[in-house]
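Colleague: Protein chains in written order, with my numbering: chain A, 11 to 315; chain B, 11 to 315.
Treat the hints as calculated values from the structure; they're not laboratory data. Among these hints, one or two may not hold up.
Remember, identical chains collapse to one label, so a pair may be satisfied in a single copy or spanning two.
[Unchecked claim] Below 27 angstroms or equal to it, Euclidean Cα-Cα: the simulated DSS-like pairs (lysine-lysine) are:
1) 174 with 286
2) 136 with 172
3) 234 with 114
4) 205 with 135
5) 226 with 114
6) 286 with 61
No experiment lies behind these values; they were computed from the predicted model shown.
There are 2 protein chains.
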Amino acid sequence: MDFELRILGSSSATPSANRHHTAQVLTIGNQYHLIDCGEGTQMQLMLYKIKHQRICNIYISHLHGDHYFGLAGLLSTMHLQGRHLPLHLFGPPGLSEILSLQFKYSGTNLCFQLIFHELDTTCYKKIFEDKQITVHTLPMEHRVPCCGFLFREKQKPRSLLKEKLPPFLTPPQLVRLKWGEDVLDEQGNILVQHKEVTTGPKRSRSYAYCSDSRYKPDLLPYLKNVDLLYHEATFTHDLQERATFTFHSTARQAAEMACAAQVRQLLIGHFSVRYKDLTPLLAEAQALFPKTDLAMEGNIFCVRD
Amino acid sequence: MDFELRILGSSSATPSANRHHTAQVLTIGNQYHLIDCGEGTQMQLMLYKIKHQRICNIYISHLHGDHYFGLAGLLSTMHLQGRHLPLHLFGPPGLSEILSLQFKYSGTNLCFQLIFHELDTTCYKKIFEDKQITVHTLPMEHRVPCCGFLFREKQKPRSLLKEKLPPFLTPPQLVRLKWGEDVLDEQGNILVQHKEVTTGPKRSRSYAYCSDSRYKPDLLPYLKNVDLLYHEATFTHDLQERATFTFHSTARQAAEMACAAQVRQLLIGHFSVRYKDLTPLLAEAQALFPKTDLAMEGNIFCVRD
Numbered sequence: 011m012d013f014e015l016r017i018l019g020s021s022s023a024t025p026s027a028n029r030h031h032t033a034q035v036l037t038i039g040n041q042y043h044l045i046d047c048g049e050g051t052q053m054q055l056m057l058y059k060i061k062h063q064r065i066c067n068i069y070i071s072h073l074h075g076d077h078y079f080g081l082a083g084l085l086s087t088m089h090l091q092g093r094h095l096p097l098h099l100f101g102p103p104g105l106s107e108i109l110s111l112q113f114k115y116s117g118t119n120l121c122f123q124l125i126f127h128e129l130d131t132t133c134y135k136k137i138f139e140d141k142q143i144t145v146h147t148l149p150m151e152h153r154v155p156c157c158g159f160l161f162r163e164k165q166k167p168r169s170l171l172k173e174k175l176p177p178f179l180t181p182p183q184l185v186r187l188k189w190g191e192d193v194l195d196e197q198g199n200i201l202v203q204h205k206e207v208t209t210g211p212k213r214s215r216s217y218a219y220c221s222d223s224r225y226k227p228d229l230l231p232y233l234k235n236v237d238l239l240y241h242e243a244t245f246t247h248d249l250q251e252r253a254t255f256t257f258h259s260t261a262r263q264a265a266e267m268a269c270a271a272q273v274r275q276l277l278i279g280h281f282s283v284r285y286k287d288l289t290p291l292l293a294e295a296q297a298l299f300p301k302t303d304l305a306m307e308g309n310i311f312c313v314r315d
Numbered sequence: 011m012d013f014e015l016r017i018l019g020s021s022s023a024t025p026s027a028n029r030h031h032t033a034q035v036l037t038i039g040n041q042y043h044l045i046d047c048g049e050g051t052q053m054q055l056m057l058y059k060i061k062h063q064r065i066c067n068i069y070i071s072h073l074h075g076d077h078y079f080g081l082a083g084l085l086s087t088m089h090l091q092g093r094h095l096p097l098h099l100f101g102p103p104g105l106s107e108i109l110s111l112q113f114k115y116s117g118t119n120l121c122f123q124l125i126f127h128e129l130d131t132t133c134y135k136k137i138f139e140d141k142q143i144t145v146h147t148l149p150m151e152h153r154v155p156c157c158g159f160l161f162r163e164k165q166k167p168r169s170l171l172k173e174k175l176p177p178f179l180t181p182p183q184l185v186r187l188k189w190g191e192d193v194l195d196e197q198g199n200i201l202v203q204h205k206e207v208t209t210g211p212k213r214s215r216s217y218a219y220c221s222d223s224r225y226k227p228d229l230l231p232y233l234k235n236v237d238l239l240y241h242e243a244t245f246t247h248d249l250q251e252r253a254t255f256t257f258h259s260t261a262r263q264a265a266e267m268a269c270a271a272q273v274r275q276l277l278i279g280h281f282s283v284r285y286k287d288l289t290p291l292l293a294e295a296q297a298l299f300p301k302t303d304l305a306m307e308g309n310i311f312c313v314r315d
């Protein structure tokens, strides 16, 4: 099953001529999760041939325009193109009010169901669950209510080794073996050990999106061992004071979080427009955490199981 | 003095991968007038190296997203980049309420003065005047309150022919000659005829922007003899019924307006996404009104005096 992240934009508040505002698509299986939706997101989706009709959930981290000014346009286009599938929208208080006002004045009555989930951005809390994944909020520390999102695959079943399976096993017993239980006889003695007739399970993959925030080490317990961590890195560390003052982070701070949480890979983004060349940000993070990449728009980051 | 129009986008409600939503910059002298502001306008301004700090007035024709979803982002960027000049914003009822709500939730307190002028979209009315131009609304017929805009240079002074000027003329007499008055003696006899010592005046140029509308021939008196007419042409004429039903126009209808108003040049735009190739729209309009061009983004149309 695919578990991959496509970057659509990673500029901070002011866009540059060749860097769009924040938006990302996380593909899990055949479902698209859109994370933030800066201005121009619908054009970026077209550019990268990502069908917006396959987006099931949209997550908005906070109500600074560079994270959501593309949302009303995307929803309008979904409507004009006759979407019929329901869409779940997760966002902070105020988002629903803003959209309702815009649709009121445009006379838009959406032709699909838009299910709005108002987020409590102050805590770690499960906001979505299906057969494959859970999504939790991650409380950020920013100038307005803001949260990140932790996507985690649920535990996967073990794989049966057909050549080692005794022929007498019933379907319910096979299911128990796949979930790591042994098969017992009537007296409670082990008849078949799950470890002997199964392998795995495959790893449950995870992606943590840390949106705009000051350096916030109390997030570390939630980020422990995640496969892919996106952390904003608006500034290089020489501008640490400015980062703190504006409730943003530096590339070094992002790398410190990645080190302490022992993640597999770090992505940095939300680059200030002052950096035409992003090499200093990358170098600063890689000095502490070598497995760092820039969240360059168009790039895809696959998480393997 | 420059009088030129730059097209930033001309797609209808749904953008295509290479056509942005409606936005245009009319340059008159050293001032920029931004007409509509679809999603992505701030990126288009950057692409074409148009300094947004030089925009003095913004005109929003109506509250369909493809005409204003780039506005909040552009204003935010002006704010972040420290604009200090006041900005005049002309738009229909509701626009101010929407922006206020967005700025409330983003905690934005604009660092420049945004002067909102609520438009009556139902009539022809002067909404702006300075030394050089006047701007009037043009009532459109659309699904929501909508108006176009007529930009017209004021009458210009005649040019003095220095070699023909008698030496005894005083500065006030020279001014009168420039404005087409003769110089008289104390008995009221003509001393100097303005036509003999001046030329001109240069033509007063005009641009009419007809935003989204059904075919509306009662606009013709306002459009008479304008230099440049932009008229929406969402569809080709085989889709006339659809045009009428959705309150839009066809390319042929745009050309009929241009013919009847005897304008110098016609621009058509607001193309439906169904037309990947715009040739049929252009051919249809040119069959009636040869001096028609497509409002292709990036193109500049100069009006000469």
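Colleague: Provide an ascending list of the numbers of those earlier hints which the structure does not satisfy.
Modeller: Violated: hints 1, 2, 3, 4.
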